[in-house]
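Protein chains in written order, with the numbering used here: chain S, 17 to 273; chain U, 141 to 395.
Treat the hints with caution; some may be incorrect.
Unchecked claim - Simulated restraints on C-beta separations:
hint	chain 1	residue 1	chain 2	residue 2	range
1	U	His227	S	Val59	24 to 34 Å
2	S	Phe231	U	Ser283	45 to 55 Å
3	S	Val59	U	Phe161	49 to 59 Å
4	U	Gln337	S	Val226	18 to 28 Å
5	S	Val59	U	Pro191	45 to 55 Å
6	S	Ala25	U	Gly294	29 to 39 Å
7	U	Met293	S	Ala170	18 to 28 Å
Unchecked claim - Pulled a few chain S residues facing chain U out of the computed Cβ check, cut under 10 Å:
hint	residue
8	Gly116
9	Lys121
10	Leu124
11	Pro202
12	Phe248
Stated by the list, open to error - Residues from chain U that keep clear of chain S, each with C-beta distances beyond 12 Å, as calculated:
hint	residue
13	Val206
14	Leu232
15	Val233
16	Pro240
17	Thr299
18	Arg383
Calculated directly from the structure, the hints in this document are not laboratory data.
C-beta atoms are modelled at their ideal positions from N, C-alpha and C, and glycine is treated no differently.
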Amino acid sequence: MTNVLRLAARYYSIPLLLVVWQAAVVSGLVESRLLPSVGRVFVALVRDIGDGVLPYHTAITLGRAGLGFALAAIIGVPFAAAMARSTLIRNLFEPIFFFGYPVPKIALFPIFTYIFGIGSPSKIAFAFLECLYPIVVTAYLGFRATPLSLIWTAENMGTPHTTLLARVILPAALPSIFTGLRIALPISIIVIVLTEMIGDSRGLGYYISVSGTRFEFASVYAAILVIGTCGFVLDRAMLALRRAALHWEPGEIGADV
Amino acid sequence: MPASVQHWIVPIAVLAAWEAFGRIGLLPHYLPPPSAIAGAVLEITRDGELPRAMAISLFRVSIGFVLGGGIGMLIGLGAGLVPGIRHFFDPLVAFLFAVPKIAFLPIFLLLFGLGDESKIAIVAFSCFFPVFIASRHAVLSVSRHLIWSAQNMGAPPATMLFRVFVPAAAPELFSGARIGLAHCFVLLFAAELMGLQGGLGALIVDGDNAARFDLMFAGIVTFALLGFLGDRLLMAIRRLVLRGQIVGTVEQLVR
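Bound-form chain U, shown alone (with noise of 0.2 Å):
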C-alpha cells in the first residue's frame, strides 16, 4: 500500500465510524455525526451567522497578531543587539513567560471594555513573548563569523542590520511568529469564551447553551480550520521568503 494511501487511514477510519455511530444512534446527544455537523456549517453560512463571527474573530486575532509580533520582533532584535535592552527585558521575560497570559484577561477587561479592544490587547500580550524570545535568539545565534566578515569590509550599521542580522536571523524569526500565532488563536478563543462579545467563540457558547451541538461544532470546526489555515499561510509567506535557505535542514522535514 504506498504511503499516500496509509496517510488517510486514520482519518477517514475515524470519520467513518464517528457517522456510522451516530446513525445508529450510539453516540451521546452531544456528539452529532459529521453529516449533521456539514449541514450546521451550511445552514449558518447561508443565514450569514457565521462569516460575520468568523471576521469578527479574524480581525481581532490579525490585529493582534501584528501588534503583538511586530512590537516582539523590533525589541526582541534590539534585545539581540543592545546588551543594555537585553538586560532589561530578559529577567522580565523569564518571569512572565512562564504566566498563563490569560491571568491578565480579567485586567485587560477592565482597562479596555468587554469589546474588541481587550481581546486584541490580550492576543498581542500572548503573542509578544514567544516571538520577542525567537527574535532575541535568532540574533544572537547569528554566525560571528558573518558578522565579522562584513565588519571587516567596512559595512556601515544599516547594512549591517538589513544584510546581515535580518537575513540570517529570518528563519528563527518565522519560527517565533509561528508560535506566536499559535498563541493568538488559543488567547483568542478563551477570551471570547469568557468575554462573550461576538466572534466564534460567543457562537460556540450560544450554540452550547442552546443545545444546539451541530452548531457548538460548527463553530469548533471553523475555528480549528482558521487556525490551521492561518498557520499554513504563513508557512507559504516563510517559503517564499526563504526560498533556498531552508533547504537540507530540520525544518523541511517540519513543511
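Isolated chain S (complex conformation) (with noise of 0.2 Å):
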C-alpha cells in the first residue's frame, strides 16, 4: 500500500493533467477540434495501431534515428580517440569540432536533400552528423581528462599500447562516452522527426504534419504519445546499458529524470 501511494505521490502530474483535460474539453473551455478529448485521442491512438499506420511509421523514424546515432558512435568514438591521442589530429580537427558545436548545424539540411535526395539518406546523414557533435567532443573531454598518472603507472609496467587504451584510457573515459550517446540519441528521434515533417511520405513527423494540416488532431497527439514512449524507453535501455558496462561506478546525481 505504501508503494502505491509513493507511486501515486511521484507520478500524480500525468493522470492529473488528464483529468484537467479532459474536464477543460468536457466544460467546452477550449475549442475541441484543436484540444480533442483524451478519449479520442486513445481512439485515434488504438485504431491507427490496429490497422498498421503508426508502427509503420514509428518503425521507419526508429530505423533512420538508430542508423544515424549508430553510425555517429562507431565512428565518433575512435575518432575521440584519435584526437585525444594524437596532437596531429587534434590540431586540425579540434576547432572544427568546438568552434562547429554552436553552429544550428539544421541550417545546412536544404544542401543535405540536394546532396542525399529527399528519402531516407539525407536524413540519416544529417541525424549522423547531428550525433556526432556530443559523441564526439564529450567523448574527446572524457579521454582527455583520463588521469595521466594511470598511463604512465600502467607504461611503467611495460603496458602494450593496444592494452593500455583496452584496459586503462576506455575504461576512464567510458563515463564520458556515455554521457554522450545518451546526450545523442534524443537528438537522432528530433532530428529525423524534424527532417520529416520538412519534407517526406513516410516516418512520424510526416504523420504529424499531415494530420495537422486535415485538423486531425486526435491523430497528431496520438504520434507525441508514441515518440514520448519511445524516447522514454531508449533513455531508459542506455542507462540500463551504461549501469552494466560502468558497474564499477555510481550513478550519477539526479540520472532519474
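Relying on the hints, combine the two individually framed chains into one complex.
Next comes the structure, spelled out in C-alpha cells:
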C-alpha cells in the first residue's frame, strides 16, 4: 500500500493533467477541434496502431534514427580517441568540433536534401552529423581527462599500446562516452522527426504534419504519445546499458530524470 | 608547424577545394562556390532583404529564448528547492523531453496563427525543457556543506537563495541556457521553413524555389553565423558573471 502511495505521490501529475484536459474539453472551455478529448486521442491511438499505420511510420523513424546514431557512435568514439591521443589530429580537427558545436547545423539540411535526395539517406546523414558533435566532444573530453598518472603507471609496467588503450584509457573515458551517447540518442529521434516534417512521405514526422493539415489533432497527439514513449524507453535502455557497462561507478546524481 | 597554423589547415583546404572545383565546373549546380555566396550576401545586404530577414529571425529567437529560458529557470530553481514542485514537473518533463517539440507545431500554428506569435511560442516551449532540467539539477547538486553552513549561521531564506543557491548553481544554469539557446535556433529554423512568414528560413526557401542557390546559401550562412554568435555572446556573458569560478575545471576546456 505504501508503495502505491509513493508511486501516486511521484507520478500524480500525469493523470491530474489528463483529468484537467478532459474537464476542459467536456466543459467547452477550449475549442475541441484543437484539443480533442483524452478519449478521442486514445481511440485514434488504438485505431492507428490496430491498422498498422502508426507501427509502420514509427518503425521507419526509429530505423533512420538508430542508423544515424549508430554510425555516429561507431565513427565518433574512435575519432575522439584519436583526437585525444595525437597532437596532429587534435590540432587539425579541434576547431571544427569546438567552433562548429554551437553552429545550428539544421541550416545545412536543405543542402543535404540536394546531395542525398529527399528520402532516407539525407535524413540518416543529417542525424549522423547532429549526433557526431555531442558524441565526439564529450568522448574527447573524457579521453583527455584520463589521469596521466594512470597512463604513466601502466606504461611503466610495460603495458603494450593496445592493452593501454583497452584496459586503461577506454574504461577511464567510458562514463563520458556514455554521457555523450545519452545526449545524442534523443537528438537522433528529434532530428529525424523534424526533417520528416520538412519533407517526406513516410515516418512519424510526415504523419504529424499530414494529420495537422487535415485538422486531425487526435492523431497528432497520438503520434506525440508514441514518440514520447519511444524516447523514454530508449533513454531507460541507455541508462541500463550504462549501469551494466560501468558497474564500478555509482550512478549520476539525479540521473533518474 | 605551430598549432595555431594547423588549426586553420582543414577549413582553408575545404574552402579552397570548394572554390577551385566550383570554378572549373566540377560541382553540381546546387553548390555555388564561396565567392558566389559572398557576392549573394553582399547583394541582398545592399537591397535590404537580408537585414530585414535577420531582424525578424533575431526578434523571434531572442523573445522566445528569454521567455522560455526565464520560465524554465524559475520553475527549475523552484523544482530544485521545493519537493512538491519537483514531483509535479518531473514526470511531465521526463515524458515531454524526448518528444521533438516541433511535433507541436501544427497545434501552435492553429493556436497562435502563422505570424511571429506561433514561432516565438514554439521556440520558448522548446527552450523551457533543457533549461528546466539543468536548473533543477544545479540546485540539487549544490554542496550540502554550503547549505548547512549558511543555515547554521542563521541565513534567512532570501539570503540562502541569492547568496548560496544561485551563485553555486550559476555555472550549470549557464550550461542549461546554452543548450536551450541551441534548441531555440533549431526550432526557429524548422518553424520558419514550414511556417513561411518572413525571416531567414523563408529567405532560404525562396532562394531554393527560385533555384537561386547562391541566395539560399547566403541565408544558410547567415543563419549559421547568427547561431554561432548568439552562443559566443552567451559565453562572454558567462565569463563575465563567473569570473574566477571556472578556472581549473573541464568547462575551461570548452571555452
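Now for the hints, and whether the structure bears them out:
1. U:His227 to S:Val59: 24 to 34 Å: holds (30 Å)
2. S:Phe231 to U:Ser283: 45 to 55 Å: holds (52 Å)
3. S:Val59 to U:Phe161: 49 to 59 Å: holds (56 Å)
4. U:Gln337 to S:Val226: 18 to 28 Å: Since the Cβ atoms of glutamine 337 of chain U and valine 226 of chain S sit about 21 Å apart, the hinted range of 18 to 28 Å holds.
5. S:Val59 to U:Pro191: 45 to 55 Å: holds (50 Å)
6. S:Ala25 to U:Gly294: 29 to 39 Å: Once the Cβ atoms are compared, 32 Å apart, the range 29 to 39 Å for glycine 294 of chain U and alanine 25 of chain S holds.
7. U:Met293 to S:Ala170: 18 to 28 Å: Violated: the Cβ-Cβ distance is about 47 Å, outside 18 to 28 Å.
8. Gly116: Holds, because the Cβ-Cβ distance from glycine 116 of chain S to chain U comes to roughly 9 Å (cut-off 10 Å).
9. Lys121: Constraint on lysine 121 of chain S satisfied, holds at 8 Å.
10. Leu124: Constraint on leucine 124 of chain S satisfied, holds at 7 Å.
11. Pro202: holds (5 Å)
12. Phe248: Since the shortest Cβ distance to chain U is 5 Å, the answer is holds.
13. Val206: Nearest chain S Cβ is 18 Å from valine 206 of chain U, so the label holds.
14. Leu232: violated (6 Å)
15. Val233: violated (7 Å)
16. Pro240: violated (4 Å)
17. Thr299: Given that every Cβ of chain S is farther than 12 Å from that of threonine 299 of chain U, nearest at about 25 Å, it holds.
18. Arg383: Holds, because the least Cβ-Cβ distance between arginine 383 of chain U and chain S comes to about 22 Å, which exceeds 12 Å.
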